[in-house]
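2 protein chains.
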Amino acid sequence: MDDVGAVEAVLLEFLREKTAAALAEGLPGEVPGLLGDFVGAGGKRVRPLLCLLGWRAARGPGGDPRAIRVAASLELFHAFALIHDDLMDHSDTRRGRPTLQHFLTVRHQVGRTHTAAARLGAAAALLAGDVALAWSAELLHTAGLTHAQLATALGRTDAMRTQVMYGQYLDLLSTGRPGPDTGIPWKVIRCKTAGYTFVHPLLLGAELTGAGSALTDALAEYGWAAGEAFQLGDDLLGVFGRPDETGKPNGDDLREGKHTLLAALAYERADAVQRAALDRHLGDAGLDEEGACRLREVLTATGAHDAVRRTVRERCRAAVQALEGAPLPEAVRRALTDLAAAQDSRTG
Amino acid sequence: MDDVGAVEAVLLEFLREKTAAALAEGLPGEVPGLLGDFVGAGGKRVRPLLCLLGWRAARGPGGDPRAIRVAASLELFHAFALIHDDLMDHSDTRRGRPTLQHFLTVRHQVGRTHTAAARLGAAAALLAGDVALAWSAELLHTAGLTHAQLATALGRTDAMRTQVMYGQYLDLLSTGRPGPDTGIPWKVIRCKTAGYTFVHPLLLGAELTGAGSALTDALAEYGWAAGEAFQLGDDLLGVFGRPDETGKPNGDDLREGKHTLLAALAYERADAVQRAALDRHLGDAGLDEEGACRLREVLTATGAHDAVRRTVRERCRAAVQALEGAPLPEAVRRALTDLAAAQDSRTG
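Protein chains in written order, with my numbering: chain A, 1 to 348; chain B, 349 to 696.
Some clues are possibly wrong.
[Stated by the list, open to error] Just a few of them, taken from the derived set where beta-carbon distance is under 8 Å, the chain B residues facing chain A:
| no. | residue |
| --- | --- |
| 1 | Leu371 |
| 2 | Leu375 |
| 3 | Asp440 |
| 4 | His462 |
| 5 | Arg509 |
[Said to hold, decoys possible] Derived coverage of chain B by chain A (criterion: at least 3 residues anywhere in the stretch with Cβ under 8 Å from a Cβ of chain A; other residues may be distant):
| no. | stretch |
| --- | --- |
| 6 | 512 to 526 |
| 7 | 530 to 543 |
[Stated by the list, open to error] A few chain B residues facing chain A, derived, Cβ under 10 Å:
| no. | residue |
| --- | --- |
| 8 | Gly381 |
| 9 | Gly477 |
| 10 | Glu486 |
| 11 | Leu498 |
| 12 | Asp636 |
Hints are computed from structural coordinates only; laboratory data are not their basis.
Every residue, glycine too, gets a C-beta built ideally from N, C-alpha and C.
Extracted from the complex, chain A is given alone in its bound form:
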């Protein structure tokens, strides 16, 4: 079984056991069932994979059940983050399916008014997210780690949680109010993506083996750079990507007025006319295709698009360079290098 398969098997088995335990005690088995459907519905499992690459980078043996369980805990944490993000965004769909709050609203609609059902759906999804967070910790606690491993892993995941929550908080406060400040988007990128998705998972895996600083420093440097490239690439695709290729709509960031680096650089470089177009269209909830085109024009003409594109390339190079000379197995170096290269190539 490959890493993704092993992680998914652990997750689904954990949630099956929770369902059985709930039903045996007359408690709502709906909760673990919903989480099983949620994590079973897909996702690239980037964080568990990076955790296992970190573990292998430090020469942890393949297929170790402790490492796989720790990796799986990251995926359940991510389910928590997505469920709560969807609530904060009032989203109705995720990955082409109804979001949890929408699904629960429909499930509990019979005999309730629309408002009562929607409130119940949102409340139940909020709780299911809380449960996912609690159970992601439980997966880690029950991974059979030694005291030293457990202490390190708890410290690492504590730092990860705080960082991603701060990133989300900053993102919330700045969305709808884009401007020329490039410091804000860089902070959000580092907290919400580079740290959360790359650095912490890699180091969580590596530190389980007691890896030395020559390796962990290199992995961290790689993670920051690759993670920044990953988020900046997402930002570009979210505006300029073709929905039929990316599977995602390409105007949401513009409509919400996300304070991305792309938007900040455009503000920084805009002349009066371009600035007026940004002010008018960025964050317009009713943005149509004409307005979106005008924004893409400004983002391109100001050079913001090219600047972000160059930064993606530069960050990918920095990521690969960070691994040069680092004491890690060739297969891991190749996997990490390929991952960084993929961030570069997907934005054209």
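Fit chain B to the known structure of chain A by using the hints.
Relative to chain A, chain B alone:
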């Protein structure tokens, strides 16, 4: 310094450090600041106190900083639970002050539409609750416990989290649909109050010392009984209490149609006319004082009030009895006995 003072000092110092760290990194210090205000605004600290009573019951030394930090982590967990409960209930006030989502809506209103500010307030409060949950765990992780203590404490708090979340889920699903089923309110009482507020805090404290089963069994039996009495007493006061004495409105449970034991017993014993009154008024969002009076009349005439009152008394006795012969210091026995007796006497 007494236990409450020691717990509050640890909490506020932890949050002050978080604020300083956030500001030093340019991250939103608003989050720990808000949590500091929230936990500083009051509360009876029941769970930390029970945790410290459990610790002392097992002859843990008074003033031990590890025990106090573990106890403090329960209060931060409770802040998480209250913040998310207020979101689920769409409440505007708590303890006579604005709820966190209401406060954040007002704070971030400038330059935003009312809808945008309300969404941001709710989203920011949701996140602040998530942070409180994450940091309650961090307080525990950094309490300086031995491996055995940490493993036990993690298992105990994992069980506590799952139980209270299931209880809240059951409560959500059953609210607005009261009926004669007494199984549902008993499950909610046991999960949401008896287990969460009494049994788990007591055992968390006792188990830190490696207490034997003669003690932990007695504490658990005490906790279930006292916790049940506590919640049933709250249910009575929430309907029959005088707001000027309890500091709480006395019609909310009726208005929301909470499926309490009181409501279930009334349904079970009602004749056709009484049942029609229950159906008509219980869960009526616009319930007026006349309707509430009619409901109180039915709850009394069916004998539901007396039956719950008797159960409170019986559970208080069972709690005190559970401690007889248990190997615990006299001062702790007295404190626990007084706490149980207080549950009995406050409902008259």
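A quick look at each hint next to the structure:
no.	hint	result
1	Leu371	violated (12 Å)
2	Leu375	holds (5 Å)
3	Asp440	violated (15 Å)
4	His462	violated (14 Å)
5	Arg509	holds (4 Å)
6	512 to 526	holds (count 9)
7	530 to 543	holds (count 3)
8	Gly381	violated (12 Å)
9	Gly477	holds (8 Å)
10	Glu486	holds (5 Å)
11	Leu498	holds (7 Å)
12	Asp636	violated (20 Å)
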